[in-house]
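Asks: Given chain A's structure and the hints, the job is docking chain V onto it.
There are 2 protein chains.
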Amino acid sequence: MNNPIKIAVDAMGGENSPDKIIRGIEIHNKNSNNIFYNIFGDENLIIPLIKKTRLKTSDYKINHTQNFIKDEDSPLSAAKKGKDTSMWLSIESLKNQDSDAIVSAGNTGALFVIAKLNLKMIEKIDKPALSALWPNKNGMNVVLDLGANIECSEKNLVDFSLMGSALHKSLFDKEEAKVALLNIGSEELKGNSIIKNTYQMLNENNNSLFKFEGYIEGNHIMDGKVNVIVTDGFTGNIALKTAEGTANFITSELKYALNSSIMGKISTLLNISNLRKFKNKLDPRLYNGAILLGLDKPVIKSHGATDEVGFANSLKVCEKIIKGNLIDKIKKNII
Amino acid sequence: MNNPIKIAVDAMGGENSPDKIIRGIEIHNKNSNNIFYNIFGDENLIIPLIKKTRLKTSDYKINHTQNFIKDEDSPLSAAKKGKDTSMWLSIESLKNQDSDAIVSAGNTGALFVIAKLNLKMIEKIDKPALSALWPNKNGMNVVLDLGANIECSEKNLVDFSLMGSALHKSLFDKEEAKVALLNIGSEELKGNSIIKNTYQMLNENNNSLFKFEGYIEGNHIMDGKVNVIVTDGFTGNIALKTAEGTANFITSELKYALNSSIMGKISTLLNISNLRKFKNKLDPRLYNGAILLGLDKPVIKSHGATDEVGFANSLKVCEKIIKGNLIDKIKKNII
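Read top to bottom, the protein sequences are chains A and V. Quick note on our numbering: the first sequence kicks off at 67 and runs consecutively. Quick note on our numbering: the second sequence kicks off at 67 and runs consecutively.
Chain A on its own, in the form it takes in the complex (with noise of 0.2 angstroms):
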């Protein structure tokens, strides 16, 4: 048997933490073989916690700390109160070699700053990247960046296209990278002189790990003929949040809908698999976990509000980013 892999676990962030992450734990190890994890938070929560599991003392370690960054706290504050921190400490194990990567419910700001501090970035990128997965007809798109950068050159552009084609191939690895630059279709200005710059950078830039497809518009992201959308973080973080406004508006007309009659009560009892069937694909859990590209250490966020099921998924997406070799297939490819 080879060595497990080690995921470090910062379980006090976000809702219902320690309880969601306990129990996440238990849905990944129950699914997953050879993984260690290594657990920071308040062992008096998180004991009892674990007795309630079928987890074996040999799956984790309980590195004991009270203190923890609280959702409110600003990245500054977060990362002075830091170092004996759940947060922190669960990073400097990876600094430490004692974890291959890190998940964290808790505060995102927080996370990124102190990520930032801890570990190194992989040489020749300048800036690191937040990324997520987001749904298309065919599979899953990855989007990037979601607001690490608010102003991104060229250069952060094409890094994005490789770091975001990385993991999308560690994560789907049969499937082929196909890039695209998110714009608009306006034809008399088509994009500012940054995205038209990067249009030219990527359609000469020959690599085995992507296949650049061009502009696309935002009508088109969940098409499925690309899969990884490349944009600036003001942008990216502006289309994802909009795009779950639009589908929590529409998921919550279509249940009113749905229940404002007793006739239609009765037919959506009757319809109640297709209905479970067209939830389970659009289930935000499937997708929970925003990535952090460009460290040398995968670093991953679970959404806070998520729970156990969602916060299993990002651990599975811990495990994949690992098997699939991520930060070796960036460090091979960047220019």
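No wet-lab data here; the hints were simulated from the structure. Where hints are given, some of them may not hold.
No copy labels: a pair is met if it fits in one copy or bridges any two.
[Stated by the list, open to error] Derived lysine to any residue pairs resembling SDA-like cross-links, with alpha carbons at most 25 angstroms apart:
#, residue 1, residue 2
1, Lys203, Lys240
2, Lys127, Asn285
3, Lys136, Tyr281
4, Lys262, Leu142
5, Lys244, Glu310
6, Lys182, Asn325
7, Lys256, Asp137
Replies: Showing chain V alone in chain A's frame:
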């Protein structure tokens, strides 16, 4: 009886024109009073279509031309071939005071360029903006800019706030206009310097037209707490199209789910009136029509792919804008 409102109608642009245009006029005419349609296009096509309607000859005038701008024409080549096209002539009829507003389902870029060539800007406004309606939980948002200006200054964004509010008040006169600036939620770096400066300017700007509500993130656009969403044209275009793509994705997944078994089909039939209500609420024809703001006459763009119902709604938008004195509202409040 007052003088009629005169709407210039480019009958030749978009899919299935002039058929849907003439049928759209008939629908609008049934539900409105005292409107006169100045129709521009090929009378050989238009007259037979009008004969099938109940329109009275006193309700319209056909201004014959056989030339028209195609969807695939570049704005520049459209402007060059322009002067005897249906689009150019219908805009010119605003300049000549023969019409009060113009609506076209044709080439957006061409409409934009030809309108700018023929019409004056409202004094003190530097850039026109493209705005559209977007549903929220309580009614409708006005969102702008949607692609006319890739880069915007603080002054532009303040102007857009004012023009968007004037449009909202013209369309929904009983509601208070509430402005928000579209921004990202990253705690570290809340937006770029232009957005931050605009925030300051809007915060200090006392006016009777709108209330400034601060920043809004993409996932809250449809919450209904504000109703005028202001952003630059690049971000606005990406947001609108991403919302459109997300809505299409979800409704096609839903359709598939509801039709994927016999039980599903039966219960969908039982449920049809509820689903129809749902569909009606989200019907994009209801908010069909982008409005170009900043010129001293109202220019309305109907979606090229809409049908006669959608086109009739664009005519309704024209009518409301004129009755609501949109241009006067902007002129009175501009700083």
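Asks: Which numbered hints are broken by the structure, listed smallest first?
Replies: Hints 2, 6 are the ones this structure does not satisfy, whereas the remaining hints hold.
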